[in-house]
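Chemist: Here is how the chains run, residue by residue.
There are 6 protein chains.
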Amino acid sequence: MLIKDMADRCEFLGFYLIKNATVKQTADNKNYLDMVISDTTGEIPLKFWDISDMDKETYFAGLVVKIKGTVSLYREKLQAKVSKIRLATDEDGVQVSDLVKTAPVPPVDLLAIIDNTIASIGHAKMKQIVEFCVSRVKEQLLSYPAGKSVHHAYYGGLAYHMVRMLELADFVCKQRPFLNQDLLKSGILLHDLCKVEEFEGGEQGIVTEYTMRGNLLGHISIISNWIHEAALRFHIQPQDDVVTALQHLVLTHHGKLEYGSPVLPQLPEALALSQIDMLDSRMQAVEDMISASNETCVTSIRAIDGGRMYKLNLE
Amino acid sequence: MLIKDMADRCEFLGFYLIKNATVKQTADNKNYLDMVISDTTGEIPLKFWDISDMDKETYFAGLVVKIKGTVSLYREKLQAKVSKIRLATDEDGVQVSDLVKTAPVPPVDLLAIIDNTIASIGHAKMKQIVEFCVSRVKEQLLSYPAGKSVHHAYYGGLAYHMVRMLELADFVCKQRPFLNQDLLKSGILLHDLCKVEEFEGGEQGIVTEYTMRGNLLGHISIISNWIHEAALRFHIQPQDDVVTALQHLVLTHHGKLEYGSPVLPQLPEALALSQIDMLDSRMQAVEDMISASNETCVTSIRAIDGGRMYKLNLE
Amino acid sequence: MLIKDMADRCEFLGFYLIKNATVKQTADNKNYLDMVISDTTGEIPLKFWDISDMDKETYFAGLVVKIKGTVSLYREKLQAKVSKIRLATDEDGVQVSDLVKTAPVPPVDLLAIIDNTIASIGHAKMKQIVEFCVSRVKEQLLSYPAGKSVHHAYYGGLAYHMVRMLELADFVCKQRPFLNQDLLKSGILLHDLCKVEEFEGGEQGIVTEYTMRGNLLGHISIISNWIHEAALRFHIQPQDDVVTALQHLVLTHHGKLEYGSPVLPQLPEALALSQIDMLDSRMQAVEDMISASNETCVTSIRAIDGGRMYKLNLE
Amino acid sequence: MLIKDMADRCEFLGFYLIKNATVKQTADNKNYLDMVISDTTGEIPLKFWDISDMDKETYFAGLVVKIKGTVSLYREKLQAKVSKIRLATDEDGVQVSDLVKTAPVPPVDLLAIIDNTIASIGHAKMKQIVEFCVSRVKEQLLSYPAGKSVHHAYYGGLAYHMVRMLELADFVCKQRPFLNQDLLKSGILLHDLCKVEEFEGGEQGIVTEYTMRGNLLGHISIISNWIHEAALRFHIQPQDDVVTALQHLVLTHHGKLEYGSPVLPQLPEALALSQIDMLDSRMQAVEDMISASNETCVTSIRAIDGGRMYKLNLE
Amino acid sequence: MLIKDMADRCEFLGFYLIKNATVKQTADNKNYLDMVISDTTGEIPLKFWDISDMDKETYFAGLVVKIKGTVSLYREKLQAKVSKIRLATDEDGVQVSDLVKTAPVPPVDLLAIIDNTIASIGHAKMKQIVEFCVSRVKEQLLSYPAGKSVHHAYYGGLAYHMVRMLELADFVCKQRPFLNQDLLKSGILLHDLCKVEEFEGGEQGIVTEYTMRGNLLGHISIISNWIHEAALRFHIQPQDDVVTALQHLVLTHHGKLEYGSPVLPQLPEALALSQIDMLDSRMQAVEDMISASNETCVTSIRAIDGGRMYKLNLE
Amino acid sequence: MLIKDMADRCEFLGFYLIKNATVKQTADNKNYLDMVISDTTGEIPLKFWDISDMDKETYFAGLVVKIKGTVSLYREKLQAKVSKIRLATDEDGVQVSDLVKTAPVPPVDLLAIIDNTIASIGHAKMKQIVEFCVSRVKEQLLSYPAGKSVHHAYYGGLAYHMVRMLELADFVCKQRPFLNQDLLKSGILLHDLCKVEEFEGGEQGIVTEYTMRGNLLGHISIISNWIHEAALRFHIQPQDDVVTALQHLVLTHHGKLEYGSPVLPQLPEALALSQIDMLDSRMQAVEDMISASNETCVTSIRAIDGGRMYKLNLE
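Chains as they are written, first to last, in our numbering: chain Z, 1 to 315; chain S, 1 to 315; chain R, 1 to 315; chain Y, 1 to 315; chain G, 1 to 315; chain F, 1 to 315.
Heads up, a few of these hints could be off.
Where chains are identical, the list cannot tell them apart; a pair therefore holds if satisfied intra-copy or between any two copies.
[Stated by the list, open to error] Capping the alpha-carbon separation at 30 angstroms, the derived lysine-lysine pairs in DSS-like fashion look like this:
no., residue 1, residue 2
1, K68, K256
2, K81, K127
3, K24, K311
4, K24, K47
5, K77, K138
6, K81, K56
7, K174, K84
8, K127, K138
Simulated from the structure, these hints should not be mistaken for laboratory data.
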């Protein structure tokens, strides 16, 4: 049974991914596993009561399990309980990737689009720098999400976010020919690339944790360093305007100091990048939350002020 | 000579529009006219010294004049001085509209696009409401700007802003089919319509002043009233979801309470509208400021945080 | 026993109103009802353990019940437990209105004051508009509260808030004769009127929920629409200053953009209205919270910064 | 001629008060006096060109002068120019107080009301403390304004502000009998008292400057010290609740930390005090600005957000 | 066993201090004691199930107990459970002070340093005032912490904070001889002194509660009053600059209005005081939190923005 | 005559540095030079009327001139006027450096201290990185200021700021041995180093302008790049904790996102660095402003909230 279809007091059977698993003890000192399981349609808390010592050493985050269980309502939230559980075997033929929500476009196709976009960059130095940076994380782009829970939180979500932004940039550049299309596209390709240094668990398409290095530096400063490194590698002066421009775009893409950009957009393409990023990420967050919910009124959408969206059916 | 080409210590001759004209007195008690003149390429302060009583009754804002004069630098700003001046005559064949910057697309064409868009709205009640509101200001859409100085401050600027947003909306709806295209387009057509009640001088393509009614109510609340009126007119229940949705879109299009929206976006189309509005108005403000300046670094752009943009030529 | 008098480990018996009721399950999968009950003196959470299928279909929000139970302390909050429970019957003679806190003045008397105030408006058009709007919700004014929990959260609370503000306005106008008394009084009568479109459950004197329409538009914009409608109805030009002034007062009564007013007060009466509203609502919130508590230090008062009030007995 | 009636290009003759006077030099090195003069109806800048050495030693702020002069418009502001000037003599019979706007109620009457209010305080210790503090500045209450330019900026303005607030408090206490009337009235009498330590020039009914001590401590902390001193004087324990309560009221009367109150209102009377203070000071600021201007739209009112007020004549 | 060494599923035996103790009831109505116990190395929640009526009257905050118990993990936090418990007896020889973390320097030594510092103040009046104020709380300085949990939250923490700041001030004055060393040192000695009026439980080295007087006035205003009182006592004019300066330093030491200082620093020594206070309190908070935790990443540090600190071992 | 000693109506003669020079025209169309001149004691505006074409091509910012002139008061500010002016010649023997305020310690001595500090770094990789970065700007450290006008705005001001912070860090590390002294010192040496890429005119000890690259990237991100480059150069992994730590310190040294740090301090040494930076820069700004003014009350100090400082002489 898909998690999206689970309701109060139903029984279920199926394969799921363990997102979290912690051994805890009840007030009367018995061990149990407090877990969260997920599939492509959502996630749900799961209690596995009265576990054995063996169980504690068997079930960890990132593993695929087959579970028979029941669902109940607890503090107005659904929660599942294990009746039977075992690890998935090779014969089951169920992979992690089968259970993580995936970008609507296959990651390999996304990568192909990204490659084509790089190939289309006319400015030679710019192309070298972008190619250098993207090639370093090509593997990860097949799987990494763009965020933990706010937006594009799924397998290949990062590459998907890049590609959707490229489409938008393409259109905006047609509307506004004074924009340097090479620069804007390069900025999009680079801006979130170092999220791969911020996220743990990204190869599974999920973010289980932020890395220490990610917290201490942030993806914005790391990609700026990579651009610097690329320039050195290809004997481009770090003072060259093309280096400055690319670094400016990645540094400013959050749009405001209080969102973690150390400087404000001061090139038209930087402004365009931050606006397109905001448009795409917010709309996607809303689309994801709405499609994952059966309610008419979806709340707690962290990507937007107020956090509430209604679904309205205007017949 | 075009105003854009005026430089320190040059002489000029040409037709210009008076944007402001105030009679003042020098410290030694002589009258002079303190004016601002403009053409399609920019504006410049103009001093008309030692005026006669006749002069005082001749030159007013909104009139076209022929001027011979000189330019000098005063407190790091250019300023012009009248050598000779007279009102334009019919034989001169120069109209106000010749001297006001105009939207890149002729207003009649913009109106045609707007009409076609209305015609394309599939939802019958929605179309009635939008048609009612737009038809009320059709005349003004041929001339009104979208703002005083921040963005789209030119002849037909309001209609141009609407049409560019419609293009963006069209693209975004293709990317995100879950959006109600009728609703988003209607929101765009309506959102700034009542700026025609906020601006004085809009028929000339400029904003000389805000109206009292505009200051006391704001265009957001006035258009909400018009939607209500349209519903009554067509016997649509004001509680009908279509009325609520349209009003919600116009009320929320500034995106934040502190920008004057009394409620936050809570429909996906409302979020899309506010994002598209921000993207189009900021990019246009930057484009206009950059194209109007010969400097590499343009400052004081009120539409964006920091207010500074560089022009960078990546060869 | 009145809820106000319930203390740790006491037993109680009485009639109460169910404010909320949700079926939940214990960790070991048993159903129970998680409720909140109230009377005129306060409210308390109530657990009804081991319920039958029948119970689940019997007890809902808005119903009057007779309960025998016990009180205990749980996480520093009092909580009640059902020993015996049944629905109130006609013979019991207990109405919902007996269990909801009521404004200190009977609603019918409040309505009479409101009617008299309308009658006293000298400006003919203003009177027509106010009369039109108030008459539309006269029924609801007999019961609706002014808020969910912040201030005047009781039966007839909205009308009570209006009347107390009218008294204050009367006094302020005596102090400051330059104020237009008709306008200020009209503004008070109108400003919160459309809360009746925002609240669910208002006929019971409580707010169980906000309506979708209330969330999407807000009471401020809805009353502005009504004023517009009234003007149309009585053939008053919407551009007439009296319409603009009334709409300005209702639009600005929250006093700040970040509180949801789309424009700031720009008429003396608008400033007076927002100040009087703030004075009355905050003082009432404090008075209600203090009188409902036996503590010397009352905390979590949402209407005021800091949220804490001491009761001090200066002998 | 009254300053209020001066217009562009008129001549005037009359007695005025010098508010500021500075010797300056023109670009070509001639001395002149740059002054501001005022009467009860307003103020205007005044230039006195080509002054003698004698003139420089004759005209200072705070003196009454007889001036013949002319008015002109300079940078959209009216400005006067001296034709003839001399100091007022005893025979002229014009006092400073004739030229400073005065509270609508004679200061001696205000003081009488203040005395009666003190006499009406029932709580003995409270009365002692209030009496001690008020008596220390009784002289100054006959003249001091309540502010430099924001509100009640006139002769006796401080006492007038106190009396108007006492009236409001009286009314609010009738509406809300749970308030301790003695405490609220005492708070009003004390709250702004130490503005007399903040202002220079207050004996003339104007604020020419803030004192160093006023800037370093603020009137809020100084009055708190005085209350402490009064307690010591009358052998009341500083820990006595009545001392704490009075100090709390004065410390919190600005209502918010960012307005300079070190703690937030936590007694109902403290909340009432800050609300009544805000209501009275804002309304008075608006009333004063409106009555001093002939414009329909008055701008730059510093006491209110937005700073703009319209005068609307609803016939 | 020290609390710092307690881990999941271990057993422990030892003496501890009860920080909080509340009688609660389980869902099935049984009484238990919900406590927090502490020793010099940290604190941990403790459940004492199935208590007797006697138990309820025996165990209170502030008492020393001997406990045998077990530790388990509950919602990712460690929590202890009582197996056996009794009050400490005289024979046990364990004092409260043995179980409260103490400043690294013995309080008596801290007091000696404070005394020496006072003795070193050259300005006679200043010395009198400081001596008067410090002597009033000398007893409490032996035990009071500087805060509840943010910084220096331990026995003698307040005096320790003062002494560390004095060291820093000494160094800064050497770097910047233009500073008045007497004034800066006096400011440090006085600035937090009246926290002894804000805290309950300070004689035990802990803060169990804030006093009503502390909440209503704040330590900043109380010490200002004491300085005023000292001036009166020694016949120093309250207007004397030395009084103003000392009061200014204590009033401004929080550095910003929104942190509760009613005025901003306007003397160099006031700026130095607020900077040194911030430096010492934040560094100490971080040092305390880091040393009390075995984690590499310590979170929820309330004294700093973001609240997270990593321990990094650069080999 | 030193600029500090210039007063209203005095005559002066001396050598000065031209800080700014712009050709302007009077209202009656005559050219003049609008300049600012400075020496080690301050700066003053200077008008050079009726200039020749030769003059326009002679006097530019950065040149030393000999001037005879007079001083007058204009709009309450002192302003100088040229009587006679000529460029300094070699025989005059006056250098730019003679006219720019210089750090109290000779720059070569500051550099020696910086070198010694680098030599004292025990951690080998850290030393390599710091040495690499500092050596790149050693030349500039002899002259560059630390800011345009806020703090340390003088010849060698940047090196002086570094050295004073090193002294403070030395002391703080003694107080708090848990701090990694190598890391803190390295952070201080690096944190502002790339201001040399932000400032134009720094070789003269002044900031005439910000560079485009400085505005687009900011010194914080540039030094982060240099650290990355140093790591590559010395074959240190960019992921090495020492690289991360150094980058973290420079990225976070502004202490808050809204001050332009993209991440918040999360290492104790990063917190110490931002606190020490704030302490030193604010105290220096105040010391500089106070010593440069003869007023008792110095205003407009941009480095501090409120901007006002009093000089108080406690006899």
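Chemist: Could you run down the list of hints and mark each one as holding or not?
Modeler: To see whether the hints hold, each was checked on the structure:
1. K68 <-> K256: Answer is neither: 48 angstroms inside a copy and 46 angstroms across each miss the 30 angstroms cutoff.
2. K81 <-> K127: neither (53 angstroms within a copy, 51 angstroms between copies)
3. K24 <-> K311: between (39 angstroms within a copy, 27 angstroms between copies)
4. K24 <-> K47: Intra 10 angstroms, inter 16 angstroms, cutoff 30 angstroms: intra and inter.
5. K77 <-> K138: neither (39 angstroms within a copy, 39 angstroms between copies)
6. K81 <-> K56: both (16 angstroms within a copy, 22 angstroms between copies)
7. K174 <-> K84: neither (58 angstroms within a copy, 45 angstroms between copies)
8. K127 <-> K138: within (16 angstroms within a copy, 34 angstroms between copies)
In the structure shown, a violation is registered for the earlier hints numbered 1, 2, 5 and 7, in ascending order.
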